[in-house]
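Taken in order, these protein sequences are the chains called P, G, Y and A.
Per the numbering used here, the very first residue in the first sequence carries number 1; after that it's consecutive.
Per the numbering used here, the very first residue in the second sequence carries number 1001; after that it's consecutive.
Per the numbering used here, the very first residue in the third sequence carries number 2001; after that it's consecutive.
Per the numbering used here, the very first residue in the fourth sequence carries number 3001; after that it's consecutive.
Any given hint could turn out to be false.
[What the hints assert, rightly or not] Distance condition first, Cα-Cα at most 30 angstroms in a straight line; then the derived DSBU-like pairs of lysine-lysine:
| no. | chain 1 | residue 1 | chain 2 | residue 2 |
| --- | --- | --- | --- | --- |
| 1 | P | LYS126 | P | LYS26 |
| 2 | Y | LYS2018 | G | LYS1101 |
| 3 | A | LYS3101 | G | LYS1110 |
| 4 | A | LYS3101 | P | LYS101 |
| 5 | A | LYS3023 | P | LYS110 |
| 6 | P | LYS26 | P | LYS101 |
The set of hints was computed from the structure by calculation and includes no laboratory data.
Number of protein chains: 4
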Amino acid sequence: MKKLEARNPNFKEYVQLKISRNKFIKAIGLEFTSIEPGYLEGQLVFKDMLEQQNGWLHGGVTSAILDMVQGFASYSMVEEGQQVFTVEAKISYFNPGTANKFFTRGSVLKAGRRFHFCEGEVYYMKEDGTEVTVAKGSATMAVV
Amino acid sequence: MKKLEARNPNFKEYVQLKISRNKFIKAIGLEFTSIEPGYLEGQLVFKDMLEQQNGWLHGGVTSAILDMVQGFASYSMVEEGQQVFTVEAKISYFNPGTANKFFTRGSVLKAGRRFHFCEGEVYYMKEDGTEVTVAKGSATMAVV
Amino acid sequence: MKKLEARNPNFKEYVQLKISRNKFIKAIGLEFTSIEPGYLEGQLVFKDMLEQQNGWLHGGVTSAILDMVQGFASYSMVEEGQQVFTVEAKISYFNPGTANKFFTRGSVLKAGRRFHFCEGEVYYMKEDGTEVTVAKGSATMAVV
Amino acid sequence: MKKLEARNPNFKEYVQLKISRNKFIKAIGLEFTSIEPGYLEGQLVFKDMLEQQNGWLHGGVTSAILDMVQGFASYSMVEEGQQVFTVEAKISYFNPGTANKFFTRGSVLKAGRRFHFCEGEVYYMKEDGTEVTVAKGSATMAVV
């Protein structure tokens, strides 16, 4: 994938500002560990409140994580002052989320003037270091 | 839409059991107000932890609500002991979630033996009683 | 569903003009039987070239029909001279397309200034007059 | 992406058999140029019947190509005699299809016993050899 170029020289601060104002991120405990133009990484330590009925990561939480990692990846590719709204998103659930720690990455695949096409993934690491995909998703973000 | 017939005479208790074990539902405060075969209604009082960066209902929360209302609608259409897993879901965001109280409804459109096709909606009520759609979604649920 | 109001008094002619220029519609034999603001109906007589490997209506044709019925429903809700492009679409396949004649309907659920949210359905009629859903879909259309 | 292992030693013949019975593929002129376990490539020469109203590749054709490349990639990962049906598919349209020749690739990302998760792409080549994505999609295939 070709590297994207940010339109806002202060994209990192701008994304961090948006993240800092987002209370739901704090409520679930998602942390972003890397912010590059059109690409974000994050992680989440599992806790009780994120459980569905079998004790696994709730699919709704997974979809919320994907919404955030794709949304903030999109924010890294707009101009200062512009806003990003999710138009639509799809998520496919590959494997149950049975781990103590989850990781996520989100990318902007095409950064248009009016829309961004994004994709994202939630996964965990097995002891041998291989990744297990929990879910993959795609989303359309409107730039306003 | 034609009324569906439950396969489990105790479908209501079965759905309530699954809901009671789901900690994320309690964490966000979603309550289900009606449980019929293939059809559920619920509501959610807005609170700070559900905010995105503009102070509106977080899109990730909206997608989580849709996952739950569609998933438990699906649980109302399985046999005792069967489980339901979300295979995939799509959500379209129609309007910002700017209200103090939100409502949701979810339906099973086709209840097959191996999977269910569902749809759901999150909305709020204006003072004049008209509904404003926040988001609509569709999902495929696997029955195991 | 509340009735939409067209922004173009000549919406019917405008939609028909767009349809007339679309060669793929003719190639598969889709005909539009009703054009209202934000709502279209059409029909298609089955023929050999539309078969997949089991002799049923090809899922790719079904998705093409949904793209058209939703796209032209969207064209009925723009101003003269504006264009409509599909941003994204999802389709769920409910039942095999085993019939001699298929019907379709497409609606604009929300007609914004920059994009439209649409939904559509392909179905056939059983001898007793009941509808069998072949597929349902949703789409985002950009208005340019 | 890790290489998948076919469950059917005659997967190539099996996929070709399914392709040979599919009349819509012939109608639009799609050819498959590579058949590997869980991965297919194909190409399509543009012709008049595939046009939408602006003279570009019709989005419905693009979605049909994605349905086929993902569906037959899925067929390469089943046992002899099993069938594959598209449960649902999503497509995002990145760029207009303005070329004389189009290419497609489809992959199985996860080959479960009951479901396959697939993704696919339609693209064309610029004179300098770079690829332009026309559309990307994801799909769930049921294995029966």
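Each hint, compared with the structure:
1. A hinted pair counts as satisfied when its Cα atoms are at most 30 angstroms apart, and LYS126(P) with LYS26(P) qualifies at roughly 26 angstroms.
2. Among the hinted pairs, LYS2018(Y) with LYS1101(G) is inconsistent with the structure: their alpha-carbon atoms are about 43 angstroms apart, more than 30 angstroms.
3. Taking the CA atoms of LYS3101(A) and LYS1110(G), the gap is near 39 angstroms; set against the 30 angstroms cutoff, the hint is violated.
4. Annotation: proposed proximity of LYS3101(A) to LYS101(P) is violated, straight-line Cα distance about 45 angstroms (limit 30 angstroms).
5. Taking the CA atoms of LYS3023(A) and LYS110(P), the gap is about 34 angstroms. The hint is violated against a cut of 30 angstroms.
6. For the proposed pair LYS26(P) and LYS101(P), the alpha carbon gap of about 16 angstroms is at most 30 angstroms, so the pair holds.
Checked against the numbered hints above, the structure violates hints 2, 3, 4 and 5; every other hint is satisfied.
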